[in-house]
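**Q** Let's have the full structure, built from the sequences with the hints guiding it.
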Amino acid sequence: MIKKIIMAAGLLFGATTGWAAGGDVHLEHMSPDMKDTVSLQNGLRTYMDYCAGCHSLGYARYNRVARDLDIPEDIFMENIVFAEDAKFGDLMKFAMSAENGKAWFGSAPPDLTMVTRVRGVDWVYSYLLGFYKDETRPYGVNNAVFKDVGMPHVLMDLQGLCSSAPHPAEDAKIDPLTGESIHSDACAGYSVEGELTSHEYEEVVYNLVNFLNYMGEPYQMDRKRIGLYVFAFLAVFFFVSLLLQKELFKDIKH
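So the sequence shown is residues 33 to 286, counted in our numbering.
A hint or two may mislead.
Claimed, not checked - Heads up, simulated DSBU-like pairs for lysine-lysine below, C-alpha to C-alpha not over 30 Å straight-line:
| id | residue 1 | residue 2 |
| --- | --- | --- |
| 1 | 125 | 256 |
| 2 | 67 | 256 |
| 3 | 134 | 179 |
| 4 | 165 | 134 |
| 5 | 125 | 179 |
| 6 | 67 | 125 |
| 7 | 165 | 179 |
| 8 | 256 | 278 |
Said to hold, decoys possible - Simulated restraints, written as ranges between beta carbons of each label pair:
| id | residue 1 | residue 2 | range |
| --- | --- | --- | --- |
| 9 | 180 | 252 | 30 to 38 Å |
| 10 | 180 | 85 | 17 to 25 Å |
| 11 | 221 | 254 | 42 to 50 Å |
In short, the hints are calculated from the structure, not lab data. Just so you know, even glycine gets a beta-carbon here, dropped at the ideal spot from N, CA and C.
**A** Shown next as structure tokens:
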């Protein structure tokens with residue numbers, strides 16, 4: 033079933049003008065952390081505030097996400113779920129209709145449940161950092177990772193808008209006077225100023241992509257936890273087997 037979903041997502045992403053790949057580009061690296069519950073919660077909050085208006089997470093259910101992210105049902109339903117008629121066990125289908133999506137954007141915005149499994153976390157992370165001003169485009173923006181992107185920069189209030197295509201950020205340097213890390217901004221300049229610093233915005237994007245990585249395979253949290261129990265059982269079983277072997281063969285003379 034999962035393989036069929038991934039294949040369908042791949043076909044969808046290949047067909048839509050809003051998510052087509054664009055050439056050989058530099059991708060920023062990010063390392064997801066499924067143990068960072070606060071990051072996952074913040075990523076969920078950002079998704080619901082900025083992405084849920086267009087993109088569903090139709091292969092996930094509210095109650096599963098709330099359980100995995102340690103959010104009580106009453107808090108989750110009051111602060112995360114916007115639809116008044118939604119139930120705790122419903123699928124997370126809350127976006128615009130396909131008809132409206134085609135009318136407004138030229139194609140229906142895709143479901144993002146599997147986006148990190150289809151594209152990879154580095155691609156999604158770099159994509160969200162890659163918007164810049166381009167007045168030749170319908171929404172006035174383009175993307176360094178995805179040329180001629182067909183969607184607006186929905187996080188522009190937070191990041192601002194780069195006046196030109198962002199370049200790969202340099203490795204952090206150390207201030208010789210304070211000993212603190214000097215963060216390098218990938219944008220040479222901004223045509224629109226955002227609410228956050230570049231470092232703060234990158235943290236928002238990290239949390240969002242971290243959450244989307246969880247959405248792509250929520251069972252990895254269970255798998256890793258169960259794996260620890262399996263290894264513990266095997267260790268105990270091996271120790272007991274050694275004791276049993278010694279007991280069985282102690283009277284056998286070589």
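**Q** State for each hint whether it applies.
**A** Structure-based check of each hint:
{"no.": "1", "hint": "125 <-> 256", "verdict": "holds (28 Å)"}
{"no.": "2", "hint": "67 <-> 256", "verdict": "holds (10 Å)"}
{"no.": "3", "hint": "134 <-> 179", "verdict": "holds (20 Å)"}
{"no.": "4", "hint": "165 <-> 134", "verdict": "holds (24 Å)"}
{"no.": "5", "hint": "125 <-> 179", "verdict": "holds (28 Å)"}
{"no.": "6", "hint": "67 <-> 125", "verdict": "holds (26 Å)"}
{"no.": "7", "hint": "165 <-> 179", "verdict": "holds (12 Å)"}
{"no.": "8", "hint": "256 <-> 278", "verdict": "violated (33 Å)"}
{"no.": "9", "hint": "180 <-> 252: 30 to 38 Å", "verdict": "holds (34 Å)"}
{"no.": "10", "hint": "180 <-> 85: 17 to 25 Å", "verdict": "holds (22 Å)"}
{"no.": "11", "hint": "221 <-> 254: 42 to 50 Å", "verdict": "holds (46 Å)"}
Hint 8 alone, counting from the list given before, is not met by this structure.
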